[in-house]
Amino acid sequence: MSNSAPRAPRRLYKGWAPYLFFAPFLLLTAVFTIYPLINAIILAFQQTNGPASRVFVGLDNFRYVLTDPTFYKALGNTTTYAFFSVFLQLPLALGLALLLNTEKSRAKGFFRLILFSPNLVGQIFVGILFGVLFTPRYGLINRGVQLLIGWGLNEQWLGNPALVMPAIVITGLWMWVGFNMIYFLAALQSVDKTLLEAARIDGANPFQVFWNVTLPSIRHVVVFVVVTSIIGSYQLFELPLALLPVTEGKGPDNSGLTVIMYLYDQGFSAGDLGLGSAVGWIVAAIIFFLSLVQIRIAQLTD
Amino acid sequence: MNAVQWFLLLVLAVFGVLYARSPARPKLAFSYLRWVTLIGVSVLILAPFLWLVAAAFKDQTVLNEYVFFPPLSEWSQQTMNLGNFRRLFAGEEAVQGTVYFWQYVLNSWFVATANTVLQLVFCSAAGFALAKYDFHGKQPLTVFMLGTMMIPGVILFAPVYEMMVKLRLVDTYQGLILPSIVSAYGIFLFRQAMQAVPDEMLDAGRIDGCTELSVYFALAMPLVRPMSAAFCLLTFLGQWNSFFGPSIFLQSQNKLTLPVVLNQYINFYRNDYGVFLAGTLIAIVPPAILFFALEKEFIGGLTSGAVKG
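Chain order of the listed sequences is A and B.
For the first sequence, the numbering used here assigns the number 1 to the initial residue and increments by one for each residue that follows.
For the second sequence, the numbering used here assigns the number 1001 to the initial residue and increments by one for each residue that follows.
Heads up, some of the hints might be wrong.
Residues from chain A that face chain B, not an exhaustive set, calculated with beta carbons under 10 Å [to be verified]:
id	residue
1	20
2	31
3	84
4	128
5	186
6	193
7	194
8	195
9	198
10	234
11	259
12	275
13	281
14	284
Label-pair ranges, simulated between beta-carbon atoms [stated by the list, open to error]:
id	chain 1	residue 1	chain 2	residue 2	range
15	A	88	B	1096	57 to 65 Å
16	B	1096	A	293	46 to 54 Å
17	B	1296	A	152	25 to 33 Å
18	B	1030	A	193	17 to 25 Å
Some chain B residues judged to face chain A by a derived CB distance under 10 Å, without partners named [as the list claims (entries may be wrong)]:
id	residue
19	1016
20	1020
21	1109
22	1161
23	1225
24	1284
In case anyone wonders, no lab produced these hints; they're calculated from the structure.
Beta carbons: idealized from backbone N, C-alpha and C, even for Gly.
Build out the structure end to end from the sequences listed, making use of the hints.
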């Protein structure tokens, strides 16, 4: 029963060695994951004033969060961001991967390096940089937009509630499009070349080849990237925090407030860890539900 | 119409001409379009970096005068200098006395390096145990380990913070580092890599008198070096850039790491943004050097978990 590997029949090891190798993980996980996890369940039903005082309040935390319009604002913003990462960023990433995939020369490695490079920079640093790039009159983005379409030199991206989410989406796109492209590129390289050749010989045009051969072949990676994108989107926090320093990461009229920012505000800034914990569970439930839907869709199309 | 618009029109016109010349097999036209797109996207990606470098070295007074660098004819001490860096490193008064910027760089190095070394040891050891031994309880332990990967981090922030307060570990590096030195994902990666290590080699070592510890350390570890390099790079990068943990757990000004301090500086130096841009440039140089030195391992490690499965 204890042997799960069929290919290498090994004798059952009786010594202490594997347990010793595994012990640090178990110990630290018990203390810093499992115990806090149990605590997180309890905390969600308590009101805390700093870590010192705790009062049981039943479902009040959830009731408060789920009736708070600010929470729905945050949820709406975060969902908007998630929507654009899945339906704008991922298609662009896939497109770039397709453009790079046919190249056999050194150029592929070169472009891959460039496109991936923003991902080396931490979200805080990207936020700081783009916060300045978005400034009216002198910011690089406004200057560029002005040159291209003759509009927007004085646009206050980060001070205008209507443009805050687009600014966050653009920044996220710059940061992560290359990261997602790497996954698509790796998947495209493992697509069976003979299948592609056969489709071409049968007279399929490039679009048909992509839709009927390439996409089905890489669908597992597509699902993986979509799920991780959604999970990442719902945990967005550091980027808007540094991007919108004047409004402490929330943007004018909370136009850039994300759910994790809301959690941070309620739990750590306002000091009610119980409320923060409840927000955490709600976010976790949303992420879990969306991932489940994704995986289910993937199974149905198998 | 300005120069940029004319240029884009020209790019499109060239495509049109190429396509019109052989509409039946427009191979050249599309190859041209591909290169134009790739170069264009690369320019968009690189422009902010170039702008950052320029801004960090431009004098305060001319920061907004030139888009990128000043023209070479106007290049002088008055336009390009190290003034931003001088002000950045001048030191600031805090409750703990004067704190200099290099202190934060050092703190970031320490936290990221300590974390990486500890994670490397613990994750590879646990991965080795799962890959190379059959022992009582292996299956439930594996399931448990994979299960912990599904616990979302967001619900643990509040209770872990509360625990750190009780353990009096807030504002210490132990409190910051301890919760993150084992990762189920790391163990999983090392388990995959260690499975390729031949059993016969390890057995030969045992016959020659190696202890289990030295079988792991002296025989198995050198064989998974590419995986180790990728893992270290990913971990170091993650820790170097990490913000949420340090911003919650660290309080004394002289203990802060770069992301936390630079986030403070956006407000401190609101009217002198050359200073925090210089700091940002310093913060992104070490990861860039590491990445360009170890690029192949890095990309390999990144996708190894996803594509094969």
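Do residue 1030/B and residue 193/A keep their Cβ atoms within the hinted range of 17 to 25 Å? holds, 20 Å
Just to be sure I understand the hint, the distance between the Cβ atoms of residue 1296/B and residue 152/A should be within 25 to 33 Å; is that true here? violated, 41 Å
Chain A contact restraint on residue 1020/B - CB to CB distance below 10 Å: Since the shortest Cβ distance to chain A is 20 Å, the answer is violated.
With a cut-off of 10 Å on the beta carbons, see whether residue 195/A makes it to chain B. Violated, about 17 Å.
Interface restraint verdict for residue 259/A against chain B (beta-carbon cut-off 10 Å): holds, 9 Å
Interface hint check: residue 1284/B, Cβ to nearest Cβ on chain A, cutoff 10 Å. Holds or violated? holds, 5 Å
Given a cut of 10 Å on the nearest C-beta pair, is the interface hint for residue 186/A held or broken against chain B? With Cβ-Cβ at 4 Å, under 10 Å, it holds.
Given a cut of 10 Å on the nearest C-beta pair, is the interface hint for residue 1109/B held or broken against chain A? violated, 14 Å
Holds or violated: is there a CB of chain B closer than 10 Å to the CB of residue 281/A? holds, 6 Å
Using 10 Å as the Cβ threshold, decide whether residue 234/A counts as touching chain B. holds, 8 Å
For residue 1096/B and residue 293/A, compare the CB-CB distance with the range 46 to 54 Å and indicate the outcome. Once the Cβ atoms are compared, 50 Å apart, the range 46 to 54 Å for residue 293/A and residue 1096/B holds.
Report holds or violated for the interface hint on residue 194/A, using the least CB-CB distance to chain B and a cut-off of 10 Å. violated, 19 Å
Checked against the numbered hints above, the structure violates hints 3, 6, 7, 8, 9, 15, 17, 19, 20, 21, 23; every other hint is satisfied.
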